[in-house]
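Participant: Each chain is listed here by its residues.
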Amino acid sequence: MDELLAGITGIDIRMAVMYVIGLALIILAIKKEYEPMLLLPIGFGAILVNLPQSVVKYASIASEPDMFVTNIIQNNPEAAGLFKNYIEIDGLYYKYEPGILQILLESGILTELFPVLIFIGIGAMIDFSPLFKNPVMIFFGAAAQFGIFATMLVAIALGKFDLKTASAIGIIGAADGPTAIYVASKFAKEYFGPISVAAYSYMSLVPIIQPPVIRLLTTKKERMIRMEYREEKFSKFVLIAFPIAVTIIAGIVAPISVPLVGSLMFGNLIRECGVLERLSQAAQNELSNLVTLLLGITIGSTMTADSFLRPETLLILAMGLVAFIFDTAGGVLFAKFLNLFRKEGNKFNPMIGAAGISAFPMSARVIQKIAQKEDPTNFVLMQAVSANVSGQLGSIVAGGLVLALVPMLVH
Amino acid sequence: MFDSLINGTDFEKGIFVTVFGMLGVFAVLILFYLIIKLFSGSFFKKAEK
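Top to bottom, those sequences are chains W and D. So the first sequence is numbered by our numbering: it starts at 1238 and just counts up by one. So the second sequence is numbered by our numbering: it starts at 154 and just counts up by one.
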């Protein structure tokens, strides 16, 4: 009889809270359309994994601890990595059989496979043409990465996170979900769920986060600055040679970033080469959709009540907001700084700097909307799109540099 | 200097990552900018003028 009622008696208040969180994510995805492709599967995964005696994460767990493995790990904690399929419960290690979501986590995310496949799809979707038409905008894609590093410093200053975890939290400021997932899978596996949720949630909140920060840092006169639009001509050769050159440079500067940059640029090369239309379409559609589907629900599976319901989760969600605010401020202030050296009539509209984040094309649209609100005849969309595309490059470069720099400083 | 940084606090390490991270992002994107200019032939066009 007890076994029949195990499902009902197994529910505790923490699980119920996770159902509410999962439902909230699903509602945000459906009602508000906040990144529905990711937030809906994440929300559903969070519910799935918190069902009592759920077998989706662990198909079965041994009833007795393995004392041989427990003794070894207690004497040498670093040996924990040697033993696969063991879970720690109250200091004792139990053998488990992985469930479907744990198999996906171990084989798809912890091996970096899903993020890399997603990057191939994203690469096939990115059109670098707006950047080639207006290459000077690339510098805003660098300045707007300031949020990553500023947030990392704030996270360290809070005293709750070490350098690796703080840098993974800072990467939320890349405004680039797959980069955040990639770095978190390397530096902060225990905070994987909160970091992923924050990265995708704030990306969809760009229209709410950016305008007040921009208004705070600019005058009405600055927001009304008109920018002459000049297009530089470029050949098909540029579109094809660029991803190859970027991969080689990134590989030399930060070898650890090659899976990230290389897969993105491989996808882009498939798109631009002109002879692989079928593969390009497959990468943009079938591959991206399938991996996104599995990625979302697998991220949700990391959101067990034990790992998600802790004060650090709230801090990480708050840090995500800080990251996007610093990103916006970094871009805007950099544009204002450049304006100090530019002649009257040739100045940047400082709002363009805020479009240097990776949230494409949402940020460019937000900038155009604010510009038109100030002056209905002012069009800065093309410049904002160029800065936005460069943000996609900047975020991945910043992610690669964090991956290269942080391990150098950690014992 | 680098050895002392490795033994430093996380905040000191964070400052190092911030400075070199931002410099690195700018350096790499400047390189990309030059590549775009080079591939687009802008340098050559200016030389011809």
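To be clear, the hints were calculated from the coordinates, so they are not data collected in a lab. Heads up, some of the hints might be wrong.
[To be verified] DSBU-like mimics (lysine-lysine), calculated; alpha carbons at most 35 Å apart, straight line:
no.	chain 1	residue 1	chain 2	residue 2
1	W	K1473	D	K190
2	W	K1458	W	K1610
3	D	K190	W	K1457
4	W	K1610	W	K1573
5	W	K1573	W	K1606
6	W	K1470	D	K190
7	W	K1470	W	K1332
8	W	K1458	D	K190
9	W	K1332	D	K190
10	W	K1584	D	K190
11	W	K1332	W	K1423
12	W	K1573	D	K190
13	W	K1269	W	K1426
14	W	K1584	W	K1606
15	D	K190	W	K1606
[As the list claims (entries may be wrong)] Quick list of the computed label-pair ranges, beta carbon to beta carbon:
no.	chain 1	residue 1	chain 2	residue 2	range
16	W	V1495	D	G161	27 to 35 Å
17	W	F1320	D	N160	28 to 36 Å
18	D	F164	W	L1558	17 to 25 Å
19	D	T162	W	S1300	40 to 48 Å
20	W	G1396	D	A180	29 to 37 Å
21	W	D1303	D	T162	33 to 41 Å
22	W	I1309	D	N160	35 to 43 Å
23	D	V172	W	P1444	45 to 53 Å
24	D	F164	W	I1267	38 to 46 Å
[To be verified] Not everything, but these chain D residues come out facing chain W in the computed CB check (under 7 Å):
no.	residue
25	F164
26	E165
27	K166
28	G167
29	V170
30	T171
31	F173
32	G174
33	G177
34	V178
35	F179
36	L182
37	L187
38	I188
39	F192
Keep in mind the model is a prediction, meaning the values are calculated, not measured. C-beta: ideal position from N, C-alpha, C; glycine also.
Participant: Any of the earlier hints contradicted here, and which numbers?
Facilitator: The structure conflicts with hints 7, 9, 22, 23, 26 and 37, although it agrees with all the remaining ones.
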